[in-house]
Every structure is written in structure tokens, then in C-alpha cells.
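> These protein sequence lines map, in sequence, to chains A and B.
Each residue of the first sequence is one higher than the last, beginning at 1 in our numbering.
Each residue of the second sequence is one higher than the last, beginning at 1 in our numbering.
Hints are not guaranteed to be accurate.
Copies of the same chain look alike in the list, so a pair counts if it fits in one copy or across any two.
Calculated pairs, SDA-like style, for lysine to any residue (alpha carbon to alpha carbon, straight line, at most 25 Å) [what the hints assert, rightly or not]:
| # | residue 1 | residue 2 |
| --- | --- | --- |
| 1 | K457 | N186 |
| 2 | K42 | I32 |
| 3 | K224 | D307 |
| 4 | K457 | I406 |
| 5 | K66 | T444 |
| 6 | K341 | L279 |
| 7 | K250 | D109 |
| 8 | K66 | Y5 |
| 9 | K453 | G182 |
| 10 | K441 | I184 |
| 11 | K131 | Q251 |
| 12 | K224 | V254 |
| 13 | K250 | H129 |
| 14 | K164 | T116 |
| 15 | K404 | A296 |
| 16 | K164 | A228 |
| 17 | K66 | K453 |
| 18 | K220 | S132 |
| 19 | K220 | A243 |
| 20 | K371 | L135 |
| 21 | K441 | W403 |
| 22 | K17 | I32 |
FYI, nobody ran anything at the bench for these hints, they're computed from the structure.
Number of protein chains: 2
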Amino acid sequence: MNNIYNPITTDILQQLKDIVGPVNVLTDEERIENYSHDETSKEEYAHMPEVVLTPTNAEQIASIMKIASKHTIPVTPRGAGSGLSGGAIPLFGGIVLSVEKMNKILEIDEANLTVTAEAGIVTNELNEHLKSRGLFFAGYPMSLETCFLGGNIAENAGGGKAVKYGVTGRYILGMEVVTPQGEIVNLGGKITKDVSGYDLKQLYIGSEGTLGLITKATIKLLGKPNVASDLLVPFATAQEAIAVVPLILKQGIVPTSIEFMDRSSTEMACTYLNETLPLDGVGAMLLIELDGTDEATIEREMILVGDLCTEHGAMEVYIAEDATARERIWSVRRNIAEAIKVYSPIQSLEDVVVPIGSIPLVLPFLSELSKKYGVRIPCYGHAGDGNLHATAIKDPEMSMEKWKEIEPALLSELYAFIVGELHGKISGEHGIGLKRKSFLKAVTPDGEYELFKSLKKAFDPQNIMNPGKILV
Amino acid sequence: MNNIYNPITTDILQQLKDIVGPVNVLTDEERIENYSHDETSKEEYAHMPEVVLTPTNAEQIASIMKIASKHTIPVTPRGAGSGLSGGAIPLFGGIVLSVEKMNKILEIDEANLTVTAEAGIVTNELNEHLKSRGLFFAGYPMSLETCFLGGNIAENAGGGKAVKYGVTGRYILGMEVVTPQGEIVNLGGKITKDVSGYDLKQLYIGSEGTLGLITKATIKLLGKPNVASDLLVPFATAQEAIAVVPLILKQGIVPTSIEFMDRSSTEMACTYLNETLPLDGVGAMLLIELDGTDEATIEREMILVGDLCTEHGAMEVYIAEDATARERIWSVRRNIAEAIKVYSPIQSLEDVVVPIGSIPLVLPFLSELSKKYGVRIPCYGHAGDGNLHATAIKDPEMSMEKWKEIEPALLSELYAFIVGELHGKISGEHGIGLKRKSFLKAVTPDGEYELFKSLKKAFDPQNIMNPGKILV
Chain A
1 MNNIYNPITT DILQQLKDIV GPVNVLTDEE RIENYSHDET SKEEYAHMPE
51 VVLTPTNAEQ IASIMKIASK HTIPVTPRGA GSGLSGGAIP LFGGIVLSVE
101 KMNKILEIDE ANLTVTAEAG IVTNELNEHL KSRGLFFAGY PMSLETCFLG
151 GNIAENAGGG KAVKYGVTGR YILGMEVVTP QGEIVNLGGK ITKDVSGYDL
201 KQLYIGSEGT LGLITKATIK LLGKPNVASD LLVPFATAQE AIAVVPLILK
251 QGIVPTSIEF MDRSSTEMAC TYLNETLPLD GVGAMLLIEL DGTDEATIER
301 EMILVGDLCT EHGAMEVYIA EDATARERIW SVRRNIAEAI KVYSPIQSLE
351 DVVVPIGSIP LVLPFLSELS KKYGVRIPCY GHAGDGNLHA TAIKDPEMSM
401 EKWKEIEPAL LSELYAFIVG ELHGKISGEH GIGLKRKSFL KAVTPDGEYE
451 LFKSLKKAFD PQNIMNPGKI LV
Chain B
1 MNNIYNPITT DILQQLKDIV GPVNVLTDEE RIENYSHDET SKEEYAHMPE
51 VVLTPTNAEQ IASIMKIASK HTIPVTPRGA GSGLSGGAIP LFGGIVLSVE
101 KMNKILEIDE ANLTVTAEAG IVTNELNEHL KSRGLFFAGY PMSLETCFLG
151 GNIAENAGGG KAVKYGVTGR YILGMEVVTP QGEIVNLGGK ITKDVSGYDL
201 KQLYIGSEGT LGLITKATIK LLGKPNVASD LLVPFATAQE AIAVVPLILK
251 QGIVPTSIEF MDRSSTEMAC TYLNETLPLD GVGAMLLIEL DGTDEATIER
301 EMILVGDLCT EHGAMEVYIA EDATARERIW SVRRNIAEAI KVYSPIQSLE
351 DVVVPIGSIP LVLPFLSELS KKYGVRIPCY GHAGDGNLHA TAIKDPEMSM
401 EKWKEIEPAL LSELYAFIVG ELHGKISGEH GIGLKRKSFL KAVTPDGEYE
451 LFKSLKKAFD PQNIMNPGKI LV
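Just need the whole structure built from these sequences, with the hints factored in.
Dropping the structure here:
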């Protein structure tokens with residue numbers, strides 16, 4: 001790759017210190033190493049920045065961008081670093097701009113049911129603050145205990161409750177963005193509909209920090225449902241479990257979640273958490289959540305869903321109604337990714353998404369791939385969204401050379417099937433980032449890809465804003 | 001305005017005839033006059049095209065765009081012509097490209113709960129086809145008896161059910177678009193989440209045909225609720241009625257609709273339809289719809305909402321539960337715009353949108369404007385979305401000179417208040433088009449406006465795709 005960027009000179013570094021204060025400028029190798037990677041498990045994806053800045057407001061970020069623009073220095077926005085596609089990695093060095101110190105709730109507006117917060121707030125903290133008011137933010141990435149609001153928006157994070165509530169973007173009413181040129185722009189507001197010009201807000205949602213840096217957001221809140229139940233439903237085979245998913249959705253019931261966990265994912269998570277779930281003869285499980293305001297309705301829907309599962313091969317239907325039991329199950333589900341990583345740090349966590357009706361076609365193909373390439377591919381994910389986290393893992397005894405040969409071939413074949421045969425997409429929520437950019441080019445028709453490039457060039461003609469992500 | 005475009009020569013006309021067939025090429029002045037305006041009531045907004053084309057597929061449209069691009073000829077996409085901002089008016093002549101002959105349903109996919117249809121299908125027809133399957137498209141523009149799907153998407157049409165169901169864009173999973181350069185691009189699909197590259201689909205939604213022409217779309221369907229009730233609630237004053245709106249929404253109940261009609265709007269519609277509603281001493285009415293799958297729930301919510309209205313000054317709460325009674329009320333609501341137009345064809349139908357909590361502040365300001373400028377401003381609209389159709393009308397005895405002086409001043413003052421004081425937007429659903437473009441520039445901060453311009457230039461560098469709309 002041709003590095004067209006300029007280094008950060010002593011003089012520029014001083015200017016940056018003047019903007020954010022010396023305490024918010026990190027250059028010490030040991031400290032900036034943390035900012036050289038995200039949660040994507042591949043050494044090649046790591047890259048050291050020259051400097052990490054932790055500004056405390058949008059004005060500082062605007063000043064930083066003006067300097068970066070003047071001197072053609074790459075700037076990589078960073079949230080919690082919990083991303084899974086290498087989006088926060090400073091591929092060309094330069095500046096990492098972390099929003100970690102911008103973590104305030106600015107306003108809770110109960111008349112309009114909105115909260116306005118800075119980009120660096122942890123998702124779960126936001127909901128902790130809202131709980132006592134009976135309100136909640138319906139975005140629910142699985143990393144909610146660590147991920148930042150800004151990152152959620154930049155990646156349009158999905159997660160475990162999208163079947164009913166949709167993904168993060170649906171709740172973003174307004175945002176403040178700093179452009180690559182250092183302009184502070186406020187988009188949207190507290191309004192629920194708006195056709196006053198192009199919908200730039202929607203464009204920034206999911207643009208992975210390549211068009212600008214999100215500094216704060218106004219979020220639509222919902223009244224917290226006061227009834228929720230989870231069904232944990234084991235099946236003898238993964239195929240039986242997944243085949244029930246479109247059948248549930250056709251009932252007209254909208255569960256909050258329909259999560260899928262195959263046996264090996266579940267086992268690894270249980271081991272990792274020192275948890276036990278009944279796994280005798282189990283090939284896979286569905287975790288189905290229902291929530292609402294009316295206990296009788298939830299009860300009725302639970303029975304309907306449970307019966308449907310039983311009719312289609314469920315071995316058992318376990319019901320978790322109290323918070324502790326529910327959290328136990330969800331904790332297993334949330335910790336699968338981490339558990340697989342502990343088992344085998346060399347792996348490729350995938351994020352394919354297909355039309356709901358085509359989910360049953362994904363698992364047999366994964367089995368074929370698994371056999372063909374001789375690697376295990378545990379699979380779990382948001383089955384109710386057609387979004388599966390197939391994870392190809394390098395077994396400890398496989399050589400790194402072999403793995404490096406296999407991984408791209410396996411992914412190419414997987415993506416070609418998902419996009420070409422099932423009309424799906426290669427990422428439902430983790431994003432393209434660094435990890436999938438060459439694959440995105442391979443599966444995207446030229447006409448669409450050209451529009452991607454035009455868009456990036458229009459917003460960031462110098463290519464200084466998170467360069468090397470999404471596009472090759 | 002400087003016309004940078006080339007005329008359609010005999011030779012070019014022949015090429016267009018070769019593409020779509022002579023029967024789909026209209027040049028006869030009498031016939032093309034229909035395509036010189038939309039439903040925006042202002043003579044100055046009309047402009048004759050040189051030719052109207054009615055292609056029958058996307059390939060023909062792509063070929064047309066290639067010719068237009070080669071010769072720098074402006075192309076104005078057109079749906080049903082039911083728009084209210086002059087979006088379909090061929091301001092610079094050239095080609096009007098009407099999708100009226102592309103009106104087929106291509107597929108109803110019950111496994112994925114989607115319908116795929118061409119851009120020229122009438123919204124209501126779509127739902128008629130879906131009815132027997134217990135499904136519906138939740139987009140509900142008030143012009144649903146005439147408006148086309150393509151136009152709904154291009155304008156991101158809102159309408160009467162957005163409180164619960166959101167606006168058109170929420171349901172568009174996939175679309176086929178022809179770019180200004182004549183490329184056919186397919187965006188999205190049947191998937192419900194997707195972060196594989198920039199969200200171009202969302203960008204086209206609401207872009208008013210200025211970035212490309214939508215030729216078909218895949219729509220997410222919902223199961224049709226089998227219970228619905230409407231409450232018609234008269235209040236002595238408009239201010240009392242509107243003040244109840246945020247109170248209802250804070251209950252945690254999500255009505256399908258909360259529509260507002262002031263006395264003069266209601267009277268005009270009743271006269272127009274030869275309908276009678278009880279209007280003795282009534283200053284305004286709310287029309288509140290609840291729908292769902294459970295009769296008891298709807299009943300309970302209806303009582304809650306009714307009681308709340310009564311506690312806050314409602315004179316009466318009328319309940320309409322059967323289809324005929326419900327349609328009578330809704331027909332009044334849907335026909336207000338047409339009725340006001342019949343009363344006074346010279347008028348300005350506005351579409352401002354504010355945060356829900358600020359709705360009560362809009363009416364007193366409209367009263368002030370009404371007094372200051374000496375014009376009536378009947379007001380109605382989607383109060384539950386904060387979206388009000390204030391309509392300034394020229395009384396028959398006012399001179400045209402006076403009106404022409406008053407109208408822009410009144411609108412400027414209204415928009416400045418809505419945007420500057422209430423943090424609202426100048427259009428919630430009708431769009432900017434031709435009518436509001438100078439006002440949009442006036443109220444949009446430079447940073448955001450520059451991004452609008454960059455975006456348009458990136459997609460349509462020749463400015464041939466619906467030129468003269470949104471941007472000045």
C-alpha cells in the first residue's frame with residue numbers, strides 16, 4: 001500500500017498538545033499499543049498509531065481535523081475498541097482519536113422521550129441511568145457492557161433484540177458529527193420524521209467513521225416493558241433448531257430475540273463461564289425472548305412459541321421468567337465469542353446475513369465447508385434476523401501456514417454462496433472495516449461499488465478519515 | 001436561471017422512440033401539459049417538458065439516462081404527480097420520465113414476508129393485493145388512493161399511521177435504482193440488517209429523484225392487525241386538543257395515529273364531502289386510532305386514551321369501531337387538503353415538523369402570523385409525529401399582488417420560528433422539491449448545506465437528474 005500521508009512532526013505534535021492539553025496526548029509506546037488493535041483476532045490487523053488523542057469536546061476534535069487536513073495526516077476514530085472488523089485500527093499510523101473521555105449524558109428529555117449523550121458513553125451505563133425513569137434505549141449490541149454509543153452508531157450495531165426492536169440506527173434521532181475538514185455539523189434533532197434535504201444522519205449511521213466522527217447523539221427512548229420471559233429450547237440437531245426460526249416469525253408474533261447456539265458454541269461458553277446447561281444429546285439451542293406490557297399476552301405467546309417448537313422437534317422447552325435465570329442464559333449467549341477466542345485465538349468470526357426464509361440453507365453449507373477445509377466452524381447468532389456468526393477456528397494442531405492458506409479461501413467460498421446463492425450480505429452488524437474490504441469488493445457489483453467510492457471521495461477527498469476501511 | 005442543458009433534437013427524439021417505442025413517447029402539447037405540474041398549487045411552479053417518456057422497464061430507463069447524460073439533457077422522474085413540493089416538475093424542460101406503465105407486482109414472498117413491485121404501482125392497490133393473505137404494507141400516505149410506490153420512496157412519504165408504524169423508508173428492504181449515468185444498481189434485498197458498505201438505499205429514500213430513479217422495491221410486510229378502533233375527540237379550542245397529544249404519547253401506549261384537525265379544516269372537508277360531523281362549539285378535533293391483535297388490549301387502551309382526553313378538556317369522545325364509521329371519519333381527514341384547495345386554490349400547504357413536546361407552541365405562533373398577515377391559516381395534520389399542515393390561504397378578495405408579497409414573508413417567518421426556536425424542520429413528509437429550496441438554504445447551516453451539495457455532485461456531476469430540486 002502506498003502511504004500518501006505525512007508524519008506527525010514535533011511541531012504538529014505541539015499544536016495537538018495545545019488543543020487537547022498534554023494529558024490527552026499519548027505517545028508512549030506501551031500506552032498506545034492498546035490502540036493498535038480492536039477485538040478482531042488477527043495479528044496482521046494491528047498497527048501502531050503515532051499518537052493517541054483523547055479530546056474532551058467536539059471543538060477540540062474539529063481543531064484536530066483541521067490540522068490533519070492541512071498536513072494530510074490520517075485520523076482513526078475509536079470508541080471502546082470492541083469492534084470485530086478492524087474498523088478502529090490505525091492502518092496508516094497517524095492519529096487515533098479516542099472519544100473515551102467524552103462520556104457524559106447531556107440531557108434526558110422526558111417530554112420528548114429522548115436522551116442526548118456523548119459518543120464515549122458505555123451502552124449499558126446509558127440504560128442504567130434510564131432505568132429508574134422506566135425508559136430504555138432499545139439498541140442492544142452483545143458487547144453492551146463495554147461498547148460505546150459512538151461506535152454503535154458508526155457500525156449500526158445490531159445485537160440480540162433486533163427482531164423486535166430493529167438495530168441501533170432506528171433510534172438515532174439526531175447527531176453531532178465532525179467532518180474530515182473540521183466542521184461541526186448537527187443533523188436531525190428530536191423530530192421523528194424529516195425530509196428536509198438529504199438524510200445525512202442515515203448516511204453516517206454504519207459508515208464506520210470513514211465520513212466523519214460522531215461526537216454526540218440524541219436517542220429515541222422507549223418505555224421499558226415490564227414483562228419478559230425467555231425460552232431455552234434444545235433440539236437434537238442444529239438443522240432442526242434453525243428450521244423453526246422462520247416458522248415462529250410467520251405466526252405474527254414478534255419475539256424480542258430469536259438466538260441460535262449450536263452445541264459446540266454453547267459448550268465453549270459454558271466451560272468459559274463455569275456454567276452448566278442441559279446438553280445431553282443436544283445439537284443446538286434456540287433462545288427466544290418475549291417482552292411486553294401485558295403478562296397474559298406474553299404468557300399466551302410463550303405457550304404458542306413453545307408448542308410450535310415442540311411440534312417441530314424440540315427436545316424440551318425451558319422457561320426462564322425471573323431476572324436471575326434469564327441473565328444466566330443470556331450470559332452464556334453473550335460470552336460465546338469470548339469463549340471461542342479463549343479456546344482458539346486464531347479464528348475468523350463471521351457475520352453473514354440472509355433472508356429469514358433462507359437460514360435453513362446456511363448450516364448444511366457450513367458443514368460442507370467444515371469438511372472441505374478440515375476446520376471446525378461453530379455457529380451461533382441472531383437467527384431471527386437471518387444473521388449468523390459462523391466462526392471458523394484454527395485447531396491448535398493446525399500449522400499457521402495451513403491456516404493462512406485456508407482462511408481466505410474458506411471465506412471467499414462462504415461469501416460467494418451467501419451473496420450469490422442466498423442474496424444475503426457479508427456483514428449484518430460487525431461491519432466491513434479492514435477485515436472484509438477485499439471481500440466486499442469481490443461480491444459488490446461495479447455500479448454499486450463506484451457509488452461507494454464517489455461517496456467517500458465527496459465527503460473526504462483527502463482520504464484522511466479512517467482510511468483503508470470499507471474500500472480497498 | 002442559467003440553462004446549461006441541450007435541447008432534444010429530432011435525432012435524439014428518434015433514439016428515444018427506438019428505446020421505448022413510439023407509443024411511449026409523448027410530445028403533443030395537450031397531453032404533456034398534465035406532466036408540467038404536480039399537486040402544488042402555484043402557477044409559477046408549472047413548466048412544460050419537451051418530451052414525456054413512459055418506459056416499461058429499467059433497461060429502457062438506463063438507455064434513456066445514457067442518452068441524457070451524453071447530451072446533457074435534464075430528466076425529471078415522475079410518479080403519480082401527487083407530490084406537494086413541485087418535485088416532479090420539469091423545471092428545465094427536457095425529459096419527464098414517468099413510471100406509470102411500470103406497475104406490476106413482481107413477487108409476494110410469504111416465507112420472507114416481502115413484496116417486490118415496480119415503482120408505478122398505486123399504494124392502495126398493493127394493499128388490496130395483500131389483504132387476502134392477511135398482510136399489509138405499513139406505509140400510509142394520505143394520498144394512498146393515487147400515489148405511486150416509487151414516489152412514496154423518493155419522498156419518504158409519511159402519513160397517517162407513522163406514530164406507530166414509522167414512515168415509508170422503514171419498510172424498504174431493497175430497491176432497484178437507475179443512476180444518472182444509466183447504471184442499474186440493486187441495493188439491499190430481503191435482509192433486515194446490513195452493514196456491508198455505505199447504506200445507499202437509505203440515501204435514495206427521500207432524495208426526491210435527484211440522485212437516481214427508483215424502478216422497483218422490495219417491501220417488508222407486516223401481519224394485518226385484526227382489531228382497530230378510532231376515537232374522534234372534539235375540544236373547544238385547538239390549543240386544548242394539541243396539548244393532549246404529548247400527554248397521550250407519554251402513557252406508553254402507541255396509537256397508530258393521532259391526527260389533528262382544526263375547526264375550519266374540518267368544516268371545509270365536510271362541505272366538500274357533503275358530510276356532517278358534530279361541530280357545535282368545537283374548536284378542533286383529534287382523531288386517534290388504535291390497532292392490534294388483541295381486542296381486550298385495544299379496548300383497555302381506548303378507555304385510557306378516552307379518559308385522558310376527557311380529563312384534559314375533551315367535549316366528547318366518539319368511538320368508531322366498524323369499518324364504515326371509521327372510513328367516514330378518515331375520509332374527512334384525508335380530504336382536507338383537497339377541500340381547502342377547492343375553497344381557495346391559491347394557498348401554501350405547509351408541512352413543518354417539531355419535537356412532540358413543542359407542538360403546543362406551534363398553534364399560538366400560527367395565530368400571530370394569521371393576524372399579522374391578515375390571512376387564514378387552517379391547520380391539521382399528524383400531530384402524533386409533531387407534523388402539522390398549516391395552510392396559509394389567499395382569501396378570494398385579496399389581490400394576487402398582495403398575496404405574492406405576503407406568502408414568502410409569512411413562510412420565512414414560520415420556518416425561522418420552527419427551525420430556530422423549536423429545533424424543528426421545514427418539511428416532515430412533503431419534501432423540499434422546488435417549492436422550499438430557497439427556504440431550505442436559508443435555514444440550513446453552511447456545513448450541512450455543503451455536504452448536501454457534495455453529495456449531489458458525487459452522484460450526478462452533470463446535474464441532469466431532477467435538476468433544480470432540493471438545492472438552489
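> Taking the hints in turn, state whether each one holds.
The hints, checked one at a time:
no.	hint	result
1	K457 <-> N186	both (21 Å within a copy, 21 Å between copies)
2	K42 <-> I32	within (18 Å within a copy, 62 Å between copies)
3	K224 <-> D307	between (27 Å within a copy, 23 Å between copies)
4	K457 <-> I406	neither (34 Å within a copy, 43 Å between copies)
5	K66 <-> T444	between (33 Å within a copy, 22 Å between copies)
6	K341 <-> L279	within (21 Å within a copy, 69 Å between copies)
7	K250 <-> D109	between (37 Å within a copy, 12 Å between copies)
8	K66 <-> Y5	within (15 Å within a copy, 38 Å between copies)
9	K453 <-> G182	both (21 Å within a copy, 17 Å between copies)
10	K441 <-> I184	between (31 Å within a copy, 18 Å between copies)
11	K131 <-> Q251	between (31 Å within a copy, 17 Å between copies)
12	K224 <-> V254	both (16 Å within a copy, 13 Å between copies)
13	K250 <-> H129	between (36 Å within a copy, 19 Å between copies)
14	K164 <-> T116	both (23 Å within a copy, 22 Å between copies)
15	K404 <-> A296	neither (54 Å within a copy, 60 Å between copies)
16	K164 <-> A228	both (13 Å within a copy, 21 Å between copies)
17	K66 <-> K453	both (23 Å within a copy, 21 Å between copies)
18	K220 <-> S132	within (17 Å within a copy, 35 Å between copies)
19	K220 <-> A243	between (34 Å within a copy, 21 Å between copies)
20	K371 <-> L135	neither (48 Å within a copy, 41 Å between copies)
21	K441 <-> W403	within (23 Å within a copy, 56 Å between copies)
22	K17 <-> I32	within (16 Å within a copy, 65 Å between copies)
Of the numbered hints listed earlier, those contradicted by the structure are 4, 15, 20.
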